[in-house]
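Protein chains in written order, with my numbering: chain A, 1 to 656; chain B, 1001 to 1157.
No wet-lab data here; the hints were simulated from the structure. Hints are supplied without guarantee of correctness; some may be wrong.
As the list claims (entries may be wrong) - DSS-like mimics (lysine-lysine), calculated; alpha carbons at most 25 Å apart, straight line: (1) Lys-1078/B - Lys-419/A; (2) Lys-1087/B - Lys-419/A; (3) Lys-365/A - Lys-1045/B; (4) Lys-435/A - Lys-587/A.
Said to hold, decoys possible - Some chain A residues judged to face chain B by a derived CB distance under 7 Å, without partners named: (5) Val-355; (6) Ala-359; (7) Gly-361; (8) Pro-381; (9) Thr-565; (10) Gly-569; (11) Val-647.
Since this is a predicted model, take the numbers as computed values, not measurements. Don't be surprised by glycine CBs; every beta carbon is placed ideally from N, CA and C.
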Amino acid sequence: MSKSQPSKKDDRSSKDLPDVSRRSFITKAAIGAGATAATLLGNPKISEASDSPENVRPIKIPDEFELAAKVPFKKADFPMTGAEVFARVCKEEGLAALFCCPGNYNIQNAIAMEGIPTYSGRHEGSMCHAADAFTRITGEIAAASGTEGPGFSDMICAIASANGARSPVLVLASNMSIRDEDTESGIQLQYQQPATEGLKKYGKRLITASRIHEYAGHAFRQLRSGVPRPVHLDFPSEVYRASFKTASELAFYHDKSRYRTEAKPHPDPKQIKAAVELLKQAQRPIIVSSNGVFYSRAWDALKAFAEKAQIPVVESGAMKGQISDASPLSANASPNALASADVVLLLGQYCMPTVGEFAFGPDAKYIRVDPAPEDIGRNLPIDIGLVSCEKAALEALASEMPAMKREAWLAEIAAARKKFEDECDSYYKLGTGYKEAVHPAVIAKELSDFLYRGDIPKEQTTVVSGGYGIARYTRRFLRGYRPGQIMNGAYQYGAIGPDVGYSVGVAAAVQNGVSVQAPYKGHPVVCITGDAGFGYTAMEMDTLSKYRLPVIVIVYNNNAWGTWTGNRGNNRTMSIHLFQENLRYDKVAEALGAHGEYVTKPEDFTPALKRAYAIAVKESRPSVINCQAKKEFWIREQFPPGSLGKVEPGCMSYYH
Amino acid sequence: MSIRSVAVVRNQLQSYAHRGVFRGLNEQPVRNGKYTFTFVWLGSKPLEFCIDTENGTLAFRRVLPNVARDSHLYDELKSFLSARCDKALPSHQRIDPKRAEILSVNRAGNVTISIKVKNNQYAYGMNRLVNLVHQVFVRLNDLHPDYMCENFDVPQE
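This is chain B alone, in the form it adopts within the complex:
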């Protein structure tokens, strides 16, 4: 992954910040080829966005806390993520597997959602990942209000 590709992703992040979508965008020092950004977006807690130049991935790290690996919620999440490549989806909602691959990792209950970019499609991958995480939150608000209340302070009525 080139410095130019990093710049593409950084510019997109800054564009979201300039538009008021992300608040408090902050870039951390580079460590081991990883560029890390923090910002507030969905809810009040800062999210951590990482560009891994070694393996060409973009990730929202530990974006969902307290998700047990054997939970219904995690099973549903995995199903939802895999369905994002379904050809039945409108192209603007779909993630083209030729251009990007969705990955999710659950470490000690903390779920990281990431995209492995293919063919240097960083602008595409970045856009799809941000939209994907947004949709994950919409879905959690729809079907898992208790989880959102406990972990993101989403108010109960």
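If we strip away everything but chain A, and leave its shape as in the complex, we get:
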């Protein structure tokens, strides 16, 4: 059946459609999933019916959102429920945000009533990704909550991603009742803790109501010490509904100063001396700054040590910006110089690469600083291991290290940076020559020009650096000028699709000016993703819209999964990797209350970006810029430079 010849059934459908825009929208959405979608979506009669003025009802944020902002917070006090006791601990521990879908009601409501910013989205997995992202660009703890079995199991991919990123995410889920365990009475019971085995630092199904405060303390002790990873608590109804008239009914009811310490491990002075000796003798030392530098808020100590010792810094990890890329000591964009390093100081590299995954040469010696001694020496053999908080180690190193000069080495770093940037510019020139669609180099270069070389202060915009193939280009052009500026996508777990979910968490942090985002409070956020990824979390455009989170989501739309190249020449399997062509993700965004742009020519990208940015500033509304590309851009022989890879660590790094 061709699109131009609708069937009688289709005609009848269009005539019979009721004059209710919501219903016609749903009809469109429903049939869009079916085989007849192309025909019906192309039927002008349906379009006329649904878009006629009498049918158009404006998308509206319910009044309850404004009312909610006016409700005063309530500090829970005895008598308290188990949920309120738990929420009280969260408040006192400084839980910075909660991301959830409705469910686990008692816990999430108690947390919201305590005044902890609470965001409700469309999928628990996306909300858990949001909590992960929030944590990664603020250093503060965020929680994700889902209901019972289904809401919890929706979060599994996000918990795994947070685990790979070593994020201190607090995962909360209700879990039916103790009295009905093993009965399958009612619905949704799941043994949750086994499902997060290997994906968490600590987990517990709470079964003794009077110990809820104690276990809340366990959770935060784990989240705030050593190398962070997710903590997962599941609550049966007997626990969150329990009632406590006084503190005496709670076991282990102590202030946090009694159940955990703020003390951090400090380095052994002998090991510091040994490290300094090695660094003094080195001709071309380099520092790898990773998660631990961010979480220990050691960027000033990093800068002071690097400047005194004249040691270049290259970043890896789940977030970037600990060293400003404006500094001559930044080696983030100097991949060709990494092989020259003779001593590598790994700082807070929680997710360790194996031999050969980092670009340092086979003769490089390694000093590793990590708060967890059990991890030092794993994967990458060391020459010196320092058990320490990263900040304490940097301060000790700076104290012991004499001022050094390394002009030749810094000149090599600068020359490598110049070569790399020239190479990136050459990709852009190639990309602008492809007129039939938008090449990824055009997006990458022009986005970086807009963010760093235009009217916006270069340190202002926080970026969710996601996507798959597009990321191989954008990472080459993105730069960090302050801590928490770049959220490094799905990172080591490599999930496709969390990006819009991530942007909810990042934008919530920026909207509230949390931690290092404070100077950039309320400014627009940029999110980069692909068409495959957008499909997973696109409904969170509604979440961004309803909370007025001004995220500009750039969708690289090449009509295919990034995996298609491995199936070239195989007609049987190729279609597995393809979508319908020219899909209108911008229209999806518009239908969800956001602004939409559809860019099909390279010269139209920057104007669309400017329009989206203006809307973000003036209306605090999110946008989708749907950049129509073509999958063949990954074929080097036809469209050089084709699909690109990466060098780690540095601006391209992603796995570690």
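Position chain B against the provided structure of chain A, taking the given hints into account.
Only chain B this time, still in chain A's reference frame:
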């Protein structure tokens, strides 16, 4: 090439193994004046390192599989290898043509990268060759991710 020179190279290989850079270093029986070592280093597949005492070469044999002779990848590889002697490179990245000569051979799509040592500079040649192969892999990961995925199981994101 003397037994002493072989010992120099062997010691260097063992040094890399002791430092944890090479894993599972294993020396094969000598055949026709060729000393062969296998070890795991870049990726999970064992690499084969050969000392040819007759012509004074050190080689990573068949280090890159499935490289067509007429491919862009092979052209780029040859250009990259020849540029390693460029005087513009820092001395620690450069291969001094007075001390060693870079060779590459493509037999049935299997590329061998080797160094012909000059003036008995085996320690130098060994060090340069190991660093050279490392850089080749870095470059392939940078510019040819599909090749690395198909041939070395480097994961795609």
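Results of checking the hints against the structure:
| no. | hint | result |
| --- | --- | --- |
| 1 | Lys-1078/B - Lys-419/A | 20 Å, holds |
| 2 | Lys-1087/B - Lys-419/A | 16 Å, holds |
| 3 | Lys-365/A - Lys-1045/B | 24 Å, holds |
| 4 | Lys-435/A - Lys-587/A | 23 Å, holds |
| 5 | Val-355 | 6 Å, holds |
| 6 | Ala-359 | 5 Å, holds |
| 7 | Gly-361 | 5 Å, holds |
| 8 | Pro-381 | 3 Å, holds |
| 9 | Thr-565 | 6 Å, holds |
| 10 | Gly-569 | 13 Å, violated |
| 11 | Val-647 | 5 Å, holds |
When held up to the earlier numbered hints, the structure conflicts with hint 10 and nothing else.
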